[in-house]
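Chains A and B supply the protein sequences, listed in that same order.
Oh and the first sequence: position 110 is 110 in full-length UniProt numbering, straight run, nothing missing.
Oh and the second sequence: position 272 is 272 in full-length UniProt numbering, straight run, nothing missing.
Bear in mind the hints are in silico, worked out from the structure with no lab data behind them.
Just so you know, nobody snuck in bad clues.
No farther apart than 30 Å at their CA atoms in a straight line, the calculated lysine-lysine pairs in the BS3-like style are these: (1) A:Lys280 with B:Lys226; (2) B:Lys226 with B:Lys124; (3) A:Lys280 with B:Lys124.
Where chain A lies over chain B, by a calculated footprint (3+ residues, C-beta under 8 Å): (4) 12-26; (5) 301-313.
Where a beta carbon is used, it is the ideal one built from N, C-alpha and C, also for glycine.
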Amino acid sequence: MADTTLSAPRARRSGKLNLRLWLPLLWLGIVAAAAILAPLVAPHDPLEQDLMLERLPPFFIAGTEPGYWLGTDSLGRDVLSRMIYGARIALFVSLIAATVTCLFGSVLGLVAGYFGGWWDRVISRLVDIWMAFPPVLFAVLLVAVMGTGLGSVIAAIALIDWTRFARVIRAETMVQSRMDYVDSSRIGGARRVATLASEILPNVMPSIIALLMLEMGIAVIVEAILSFVNLSISSDDPTWGSMIAEGRNAIHFAWWVLLFPLIALFLTVLSFSTLGEGLKQRFDPVLQ
Amino acid sequence: MLLKTVLIRLITTAVTLFGVAVVVFTLVRVAPGNPIAMMLPPGATEADIENLKALYGFDKSLPQQFVIWLGGVLQGDFGTSITLRQPVDQLVLGRLPATLELSLMALLIAVALGGIAAVIGARKRGSGTEVGVDLVSGAVLSIPDFLWGLVFVLIFGVLWPVLSISGRVDPRLDIDFTTNFYVFEGLLRGRFDVVGSTLAHMLMPAMSLALPLAAMIAQLLKQNLKEVLVQDYTTLARVRGFGETAVILREALRNAALPTLTLVGVQFTFLIGGTVIVERLFAYEGLGNMAIDAVINRDLPLIQGIVLLFAALFIVINLIVDLSYTLLNPRLRHG
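Produce the complete structure using the sequences and hints provided.
What follows is the structure in structure tokens.
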């Protein structure tokens, strides 16, 4: 009796788990393919303006022009082509910014959690100070200080979101540090740094991976927000955020300029967070 | 013991606030772009520039400027906005009510939506309805407020244009209120036209801010309700003839609510942080919208004032949450 009730949900769960991994991977694969193959698959030049073709509606609405599947914006630029090129910036920012943030925050979290003492006090106080800033305002301020550009956007994300990694990894490291296996490693003669790297790090890895995935989604959003307030890269370059800003302004004339990049952002963020959850369950030794 | 805990908490709070002041001050000073140059008409002389610099204190060294600024802040003097030419504290306090009303409304919506979803999920536990609550809350949770705001702009601005997608209140209304708390003062004065218009403008930004928190509440509260619903006293209530919904509402909710209350307290600061971009998105005249303008215009005194106010607000809310948790939790009280 107990066996059947326990095994039934588990079987169903593993079936759902696979779908939860494959659906996000499918969408992210499409985005990655669009980003890599942009010059080949984009039907038009994303910067080409044609005022004769401004605000063309998407294919399912009357009055469209063949070849402009998702319509054009107020300057007659092709929405689909801009989205395809925008995928490049979105993916680039999410990969680089999330990795930098993850390295920076995880190292600080591991150090604070394992060495404790003054390390912990200083890092925890820094986290407190950082968390007292509204993140969006902080990001806008940092980019204004560093100057607009892709590098500033990435730096701003890392400088703000490291606290997310530092907090979680610190707490998990503290829990792991008290485990017997850490003591036995130390008794066996391993140095503290070696113990941290070889014993503790593998055990906090599932959390790091889940947070990394989450951060990739967040990075895409932050880039979009900065583009939205016109502080990301040059406003001519196609990004999903700058398209959204344009679409918001032209909402009563050309809503499709907002709708399609919004769907892309929605699916991308959802994919990253679902993937993070799925990977965490898959790599978690306890859940296995 | 308790007093010591509270004292330590207060001291770390002061240290954090000081740290925030240092970070804000340093950040805005290293920003490129000379704010003085932007204020001057073309053809201004060197002497004009020096006079203006002296007026705003930019002629002194950075540590001197910091001490003067901090001394002023402690006395409630936040300087003068460069672009708006008004005292920063007046500008900031004038906008604060709009942001507070928006945040509180969002909090109310989040608690209501999340609470209802949790009760329904717990009531129908083990059924397809619970799976539905889990799926929807999981998806809603991973989409941030900015994207929800855009979804609402599309739905209620274009598809079914019933709500205004910009501003805080109908500009045609004649408002001669003493405070900028349009909802509260409107209710007190019986100006229901103002209250209605403000609420209608506030609904979409508040919903955008509320949805992720509502999903969090739904998940946590449902989990805690389910744990409480297998306890003996809920069984006893069922034996006494109460229906399942009554058991949840009368017995379980009160005992399952504490973790959710803590979550709400902690998440409230994140929600307030979210107002910055959501206000921008809906052209809502609050602090966040003003802050982004201040950054774009390099209005240093105004940026400092707004960031410091936000930080103080966050720190005070966290302090209240921490202290009330210490006071409410008997295990910590005697620890």
